[in-house]
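*Asks:* Just so you know, the sequences run in chain order A and B. Sequential numbering from 7 applies to the first sequence in my numbering. Sequential numbering from 7 applies to the second sequence in my numbering.
Errors might be hidden in some of the hints.
No distinction is drawn between identical chains; accordingly, a pair holds when it is met within one copy or between any pair of copies.
[What the hints assert, rightly or not] Okay, derived cross-link-like pairs now, EDC-like style, lysine to aspartate or glutamate, Cα gap no bigger than 20 Å in a straight line:
#, residue 1, residue 2
1, 331, 221
2, 280, 81
3, 280, 233
4, 280, 270
5, 217, 164
6, 280, 183
7, 156, 68
8, 331, 150
9, 149, 282
10, 331, 107
11, 243, 216
12, 280, 221
13, 28, 270
14, 66, 221
15, 331, 110
16, 225, 130
17, 104, 327
18, 149, 244
19, 331, 315
20, 149, 68
21, 36, 68
22, 117, 327
23, 118, 206
24, 156, 305
Keep in mind the hints are simulated off the structure, nothing from the lab.
There are 2 protein chains.
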Amino acid sequence: MSIRVGIMGYGNLGRGIECAIKQNPDMELKAVFTRRDPKTVTVLTDNVAVYSVGDILKFKDEIDVLMLCGGSATDLPTQTVEYAQYFNVVDSFDTHAKIPEHFENVNNAAKKGGKVAIISCGWDPGMFSLNRLYAAAVLPNGKDYTFWGKGVSQGHSDAIRRIEGVLDAKQYTIPLESALNAVRSGSNPELTARQKHLRECFVVAEENADKQRIEQEIKTMPNYFADYDTIVHFISKEELLREHSGIAHGGFVIRSGKTGWNNENNHIIEYSLKLDSNPEFTSSVLVACARAAVRFSNEGESGCKTMFDIPPAYLSALTAEQLRKNLL
Amino acid sequence: MSIRVGIMGYGNLGRGIECAIKQNPDMELKAVFTRRDPKTVTVLTDNVAVYSVGDILKFKDEIDVLMLCGGSATDLPTQTVEYAQYFNVVDSFDTHAKIPEHFENVNNAAKKGGKVAIISCGWDPGMFSLNRLYAAAVLPNGKDYTFWGKGVSQGHSDAIRRIEGVLDAKQYTIPLESALNAVRSGSNPELTARQKHLRECFVVAEENADKQRIEQEIKTMPNYFADYDTIVHFISKEELLREHSGIAHGGFVIRSGKTGWNNENNHIIEYSLKLDSNPEFTSSVLVACARAAVRFSNEGESGCKTMFDIPPAYLSALTAEQLRKNLL
């Protein structure tokens, strides 16, 4: 019997999950829930209906796992806690600093409901986190480095948009080849923020805006830009739409570590992603985690988990025998 | 209390495990067992004794996990089965085709003894297998490619040594940059063995040996060389020792896969290792797996497992809270 999946929220991530379900024959999209008027939302899958979020509890026995596709800032901190009482859930909560708090809240709710919640799935947190963990466990005497990009950072783009006189903006985070190569050399360099990433901004300004001031405000913005080399381009609304609507992203997790009685040997573990679509890749990770959530639940477990707690085999549709025979 | 580790077999792998234990403060080397005369074996760690393999059962209650450091051809198929009855064990069994059979045999023994056995740990099988599994689970509509090298293949070196007139030999497996780049482009190429790897051989021949015949025998050897482009160099015994005693290795696991309603987006997941010491890196993976074996055992589990069955957190000395806070 297939795994019956519900999608809560039909934006880029929700649509990505719908596409990923199509690629996984052991899964079936059961229903999509939205805060909008359901009549205004059309999904891609035949014979799947869109419901108002208010109707979701009627589906308690018809959905094996609910995919929470809201944002980390305001949606997930309440949504995941709310729905983990009634459904096995998967989310992509990605505010790293608040993960311990989110975990506690979701864990309490899921335990109360006897459900399984897997939080912070995706690629960072997610696949990148796994690679940091595996590499650190194998090479305890080492140092790891995470690089992001090239890709658009939503947070940095938003920060630029809040500046007076800015109509729209996109900010690319670009890993510096010199830093990547220094890390790959095994020299375990200490790298400043500026040495690791470059920030390139494409900004649409109001007609009579003071571009010099805007550029200055961007480049000196604390936390976001002040610690980086930042390039600012002013372009037209049309060019922004035409050239900078991409959703590609990616990055690198590299660990360099020593082994040997006198630490005489060096090793480099490198994991990298080059993604045409950030939301679709994230969704694909979430769908693999959905399979694990259902399996945990079928085994009688409850509470909150992360990808750190999932035996890798639980993510796969293949049996343990098939995995050992074909992939080990 | 630290995890008390025993080492069975003190070659490159056993020594590597001893070095790895030194880097893991939650572990302690308890004893080394050898088939040689224990008096002839000296270990690096202070106050650790070497015992004859015949004495091992006396340590049933003093060792939490026994690391089996024999070879896959003849040692492990019997050793792991034998000792899994009495100890939690970890091995690096790497004959891919025989893993299912080895798993069954070890599973029966470990279940009988109420112990946990983790087999086929290392990097391939091991970290590479994990990356094949994760990438396939996340991108089911894709194709994966494993490249090895540059590094010495023991099996291919041995095959050359069996040729008449050959005194010694080392064979390097070298991944072809053209193939790596074709895979990274996302074109999902069909690659022949010849297109993926080059084989370079350094051969010490007997004084009056017919080098042309030896070269011909190497290049046409079925399974090992016939399907590859092979370069053969004849060198002196001294040069082989001086220039080709390295134990570096590494490789790449790359998966390229599509997402999107019409498979319109491509993604590349790449994992690579660049290892100064193949046996020390392998040992480091085994030691992380030892931690998981003890944890499974403490939870009351028994039977055979592989890295596919280990929740990543079990490999780490950090607590679940620390992992979520620092690595997720």
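*Asks:* Against this structure, judge whether each hint is valid.
*Replies:* Hint check results:
1. Within a single copy, residue 331 and residue 221 get their C-alpha atoms no closer than 57 Å, and across copies no closer than 35 Å, so neither meets the 20 Å cut-off.
2. Neither within a single protomer nor between protomers do residue 280 and residue 81 lie at most 20 Å apart by alpha-carbon distance, with minima of 28 Å and 42 Å respectively.
3. Proximity of residue 280 to residue 233 under the C-alpha cut-off of 20 Å is found in neither arrangement, the shortest distances being 26 Å within a copy and 32 Å between copies.
4. Taking the shortest alpha-carbon separations for residue 280 and residue 270, only the inter-copy value of 15 Å comes in at or below 20 Å, while the best intra-copy value is 33 Å.
5. Only within a single protomer do residue 217 and residue 164 lie at most 20 Å apart by alpha-carbon distance; the minimum there is 18 Å, versus 69 Å between protomers.
6. Both within a single protomer and between protomers do residue 280 and residue 183 lie at most 20 Å apart by alpha-carbon distance, with minima of 15 Å and 18 Å respectively.
7. For the homomeric pair residue 156 and residue 68, neither the shortest alpha-carbon distance inside one copy (41 Å) nor that between copies (52 Å) is at most 20 Å.
8. Taking CA atoms no more than 20 Å apart as the test, residue 331 paired with residue 150 passes between copies only; the shortest distance there is 16 Å, against 32 Å inside one copy.
9. With identical chains, the CA atoms of residue 149 and residue 282 are at most 20 Å apart between copies only, with a shortest distance of 16 Å across copies and 29 Å within one.
10. Taking the closest pair of Cα atoms, residue 331 and residue 107 come within 20 Å of each other only across two copies (10 Å); inside a single copy the shortest separation is 40 Å, beyond that limit.
11. Proximity of residue 243 and residue 216 under a CA criterion of 20 Å is satisfied intra-copy only: 17 Å inside one chain copy versus 75 Å between copies.
12. Neither within a single protomer nor between protomers do residue 280 and residue 221 lie at most 20 Å apart by alpha-carbon distance, with minima of 30 Å and 42 Å respectively.
13. When the C-alpha separation of residue 28 and residue 270 is checked against a cutoff of 20 Å, the pair qualifies only between copies, where the shortest distance is 14 Å, while the shortest distance within a copy is 49 Å.
14. In this homomeric assembly, residue 66 and residue 221 never come within 20 Å of each other (Cα to Cα): the closest approach is 52 Å inside a single copy and 70 Å across copies.
15. For the homomeric pair residue 331 and residue 110, the shortest alpha-carbon distance between copies (12 Å) is at most 20 Å, but the shortest distance inside one copy (38 Å) is not.
16. Taking the closest pair of Cα atoms, residue 225 and residue 130 never come within 20 Å of each other, the shortest separation being 26 Å inside a single copy and 47 Å across copies.
17. For the homomeric pair residue 104 and residue 327, the shortest alpha-carbon distance between copies (13 Å) is at most 20 Å, but the shortest distance inside one copy (38 Å) is not.
18. In this assembly of identical chains, the alpha carbons of residue 149 and residue 244 never lie at most 20 Å apart, being 44 Å within a copy and 38 Å across copies at closest.
19. Within a single copy, residue 331 and residue 315 get their C-alpha atoms only as close as 24 Å, which misses the 20 Å cut-off; across copies the closest is 14 Å, which meets it.
20. Taking the shortest alpha-carbon separations for residue 149 and residue 68, neither the intra-copy value of 46 Å nor the inter-copy value of 34 Å comes in at or below 20 Å.
21. Proximity of residue 36 to residue 68 under the C-alpha cut-off of 20 Å is restricted to the intra-copy arrangement: shortest distance 8 Å within a copy versus 54 Å between copies.
22. Taking identical chains as interchangeable, the C-alpha atoms of residue 117 and residue 327 lie at most 20 Å apart only when they sit on different chains, with a minimum of 18 Å there against 32 Å within one chain.
23. For the identical chains of this complex, residue 118 and residue 206 are neighbours neither inside a copy (46 Å) nor across copies (62 Å), given an alpha-carbon limit of 20 Å.
24. Taking the shortest alpha-carbon separations for residue 156 and residue 305, neither the intra-copy value of 41 Å nor the inter-copy value of 44 Å comes in at or below 20 Å.
The earlier numbered hints that this structure contradicts are 1, 2, 3, 7, 12, 14, 16, 18, 20, 23, 24.
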